[in-house]
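J.: Going line by line, the protein sequences match chains B and H.
Per this note's numbering, the very first residue in the first sequence carries number 1; after that it's consecutive.
Per this note's numbering, the very first residue in the second sequence carries number 1; after that it's consecutive.
Heads up, some of the hints might be wrong.
As the list claims (entries may be wrong) - Per label pair, the in silico range of CB-to-CB distance:
#, chain 1, residue 1, chain 2, residue 2, range
1, B, V54, H, P304, 35 to 43 Å
2, B, V284, H, P304, 34 to 42 Å
3, H, Y4, B, S247, 48 to 56 Å
Stated by the list, open to error - Partial list, derived from the structure: chain H residues whose beta carbon lies under 8 Å from chain B:
#, residue
4, I212
5, A213
6, Q216
7, H225
8, R228
9, R267
10, R305
Hints were generated in silico from the structure; no laboratory data involved.
A virtual CB, placed ideally from N, CA and C, is assigned to each residue, including glycine.
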Amino acid sequence: MEFRTRDGVAKVLNGVSYHVSAGETLAVLGESGSGKSVTAQTIMGILDTPPGFVTNGTIKFRGEDLLTQSAEERRQVRGEGIAMIFQDALSALNPVFTIGFQIEEQLKVRRGMSKADARKRAIELLDQVKIPNAKGRVSDYPHQFSGGMRQRAMIAMSLALDPELLIADEPTTALDVTVQAQIMDLLAEIQKERDMGMILITHDLGVVADVADRISVMYAGRIVEHADVYELFRAPGHPYTESLLESLPRVDLRGQELKTIKGLPPSLTNIPPGCPFNPRCPRVFDRCVSEVPAAHNLGMGRTSRCHIAEEVVARG
Amino acid sequence: MGRYVLRRLLQLIPVFLGTTFLIYALVWAIPQDPFAGKCGQRPCDPAYIAEMSQKLNLNDPLVVQYFKYLGNLLVGDFGTTFNGVSVGEQIATSWPITLKMGIIALIIEAVIGIIAGVLTGLRKQGFLDNLVLVSTLFLISLPVFVTGFVLRLYLGPQGFDFMDTSVSSDPTFGELILPGFVLGSLSMAYVARLTRSSIVENRRADYVRTAIAKGQPQSRVVGIHLLRNSLIPVITFLGTDLGSLMGGAIVTEGVFNINGIGGLIFRGIQEKEGIMVTGIVTLLVLVYLLMSLIVDLLYAVLDPRIRYE
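So that you can see chain H by itself, here it is in the shape it has in the complex (with noise of 0.2 Å):
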């Protein structure tokens, strides 16, 4: 396991310098000058292109920027904006909003869906079966916007006045939980229907035979030997769903006005602040990468059959 371990470990290395070398080079390689439309209606100041060019390296070759960039990067530097603006303090105010929101899709996604999953696994065919089925078809088939601006729409003042949709720019638990529910809608759909038919595909398992076989209480057969079998995959599932759940917050975030990485990455895209996009991007590639690891150091605990030499 330890050996497993160290190899995955290093295994990330040559993974992060790739990603993060693509998403550096797609951001700085284009064929574009870097400065067109930063300085106003007016072609910038010879002055500031030369002061910036020098700052940001882009004077060097593609692969010495790179490599400079990314010195920079492991000693915490994740540079500065055109106007100035340091690329780690915007993060370092953004990313925890994101990861909380993604915790909280994260928990909805699993309790919701994993509850849907089972109770319709063991009744098939059933009132609720039909009904989660075509509500999860409803979501998977809905675009995430279209999610959001309608619960938001609907729930807020303007609909049924059921709750208050607004997030403030330093949002509290209960402020999230809305644009947590749409951001994991997708997801939750996905896991109750893998769910679902984990459950249908054990249920006739010989061990569940079993256990009923042993007098076992339906409540332990169901609780214990069924469930712990069905949700290897599922569990698989939702690890690396943290990962995708941050890279697609730029949508939720965008809907309800929340001050977190999509909204960063978005504005980096829009106004070409190259380097506050690679930074983001490679921070969510970090995240991709160790929650990957994760997963598979939890599988083998989950599946005791799988054991990593």
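Next comes chain B alone, as it looks inside the complex (with noise of 0.2 Å):
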């Protein structure tokens, strides 16, 4: 997958590989600009070409490549066996049509219900997503929610038709904290109750520590660590997990000063050679700046992509 900008050719993934099976939780963390929401747009196939080109690669779903598909076979994917919410829930909906409407929409043009019909699936999905008196707030228009109440509509409208798999694109990053951990309850009870697949993509590890299963970590368009949530935090196998949990603030640490990773993440036209994460890293040696490391296989299904992974699992 590659962006073509006016700068020269961006590798914005490059041998990103994930799989999600019913009702299991896969995070997929990383900075701004890892990757990680490109990655969910691909699977969508939502990006815009151009600038946006997926020159190989497969997406299976239910067994069936996706990139093969016929765009039509693609839409009708979109939402049905696959739906995505977003971050910023307030532009995400359509300003100027009702939350019932833009629920609605869905279950009458892909299931061809009737608008009574519709309209009382919609408050039932208003009501799943625990939005008090959905009844009378089916008919209100995006701006008259607030933050979190305007997640939960997004989440309703992206149940509508059943998903199989749902991608979670930052849900809670524009939201309070106390709305952030509402939202991802909401999210995990649903998840189970539907037996539904998820990817929450996120830069918060405090989220990812509470609701997902596995992990794969993003840097620079690739994944460099994947592990089960246990054992990522327990002892992390690649130096940037391994940075990025010791930027976090810690109760008995106080007072002493937060630790963050040195350097800006590389340009994405511009990736250095060898080990993308090498200018930054606290264990770089000269075998990172002339050879991109292979998946180190950690066992119990661990991955990383780093020269001493070994090592450093073991020191973790």
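Reconstruct the complex from the two isolated chains, following the hints.
T.: Shown next as structure tokens:
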């Protein structure tokens, strides 16, 4: 997957690979610009082309490769098979239509439901995402909802066609902390009820720890580490993950300076040779600059793209 | 909403009084004998001057004159010209013609302008986009009377004989299509550009991406989600434009010899028939005020984020 820009071709995603099963939550973790959202949009097939081009690879859903499907077949998968919720529900919802209209639209256009049935189902969905007085609020406009309620409405809309996979692209980033927790709880609950797969895209380690089963850590458009959530927090297998965990504020280390990762993520049009993390890595040595690290298998489904992955895990 | 409408209606009163007074003052307070040239080569008969001055209240101070005029206006009396022709009757015959032409112009500019704007906004930098950009620039830079004369000559019997470009004294809908097109051509170019930039701006909006992610068909993504948001500024422009179209009809009516209020106002100015000019301009002011009120109310309907309290 690459973006063709004026500054050259940005290889946005490179060798990214993960899988999600029904009822499972995969967290995709990474800094801004690491390619997490682009991965999600590539799966959904909602990237703008140009500049975005998928040059090769496969996206398999229910055993079928989405990339070989026609545009119409892919459209049918959206909403019905894979649904997506976005970071900022205020701008992601259409400001001039009521919440009800935007949910009912799915039911009417995609399922051919009657107006009255669609309205009834929309109220049920709003009820499911715990919007108080759903019946009264169904004809409200997005701007009449609070931030948390808007995200709930967005979730209700994504559930309208009972998708098997839900991609949540930083669903709580725009919300304040107490509301964040409520939304995450809601997502976890709904997922359990419906036995739905979920890809949770976030840069928030706290959110990940709560709900994810497995984690893929992305850096400069590649997955640098992949692990079970407990394993990753217990002993990170990549220096980048390690640095991320160290940069979390901790109550028991109060008064000490907060650790940060030095430097900036690389520009995707100009990824450094060797391991893309080498300019910022605390454990860098000559091989990192000359050779792209292969995926090291660390057992129990864990992989890490670091030359000294075994050593890093052992020390953690 | 009700309170807002009431307040807006009340606001119309001072605006109406102010503008009509200004027009009245401008027409009648000119330091010139209103009877100059009214009676051919000779000066007017003193008896005629006395009678007309009495009739038009010319001996009163300007403010008193104005309120007397206003009083008559409110009971529907537009007064009579120096030759004793009823202004009200004149307006009644020419008004519908200009209104018809204005509405035709509005429909043409809305339909062609919006379609061109949407098509070019969706496919930026293609052949069509350049074509529309160049042709709208062309239309914007051409004065209306040039567009009018050129189309009239080339489409008419002297040119390619494509259609009959003459307009009868009581014109039908069909006869007014070409004049309406000429009248609306400038605004059509603006509508096309306004729609285009609005579509371009909203095309990458998050809610459009959401609609695509929902798997809605392309026709609904564009026709419902994108268009509804993009047309808000366009409709506002179209609403206020009806007033300008009717005022701007003077030139178009001149080119096509149409017996509308444009011609009436032009002759009124030429023959210094102050009462005719004030009457028509007052009417135009009313149309303008009414249209801008409708646009403001429409705006709240189109964009639910706007509420008048």
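J.: May I ask which of the numbered hints given earlier this structure violates, with the numbers listed in increasing order?
T.: Per hint list: 2 and 9 violated.
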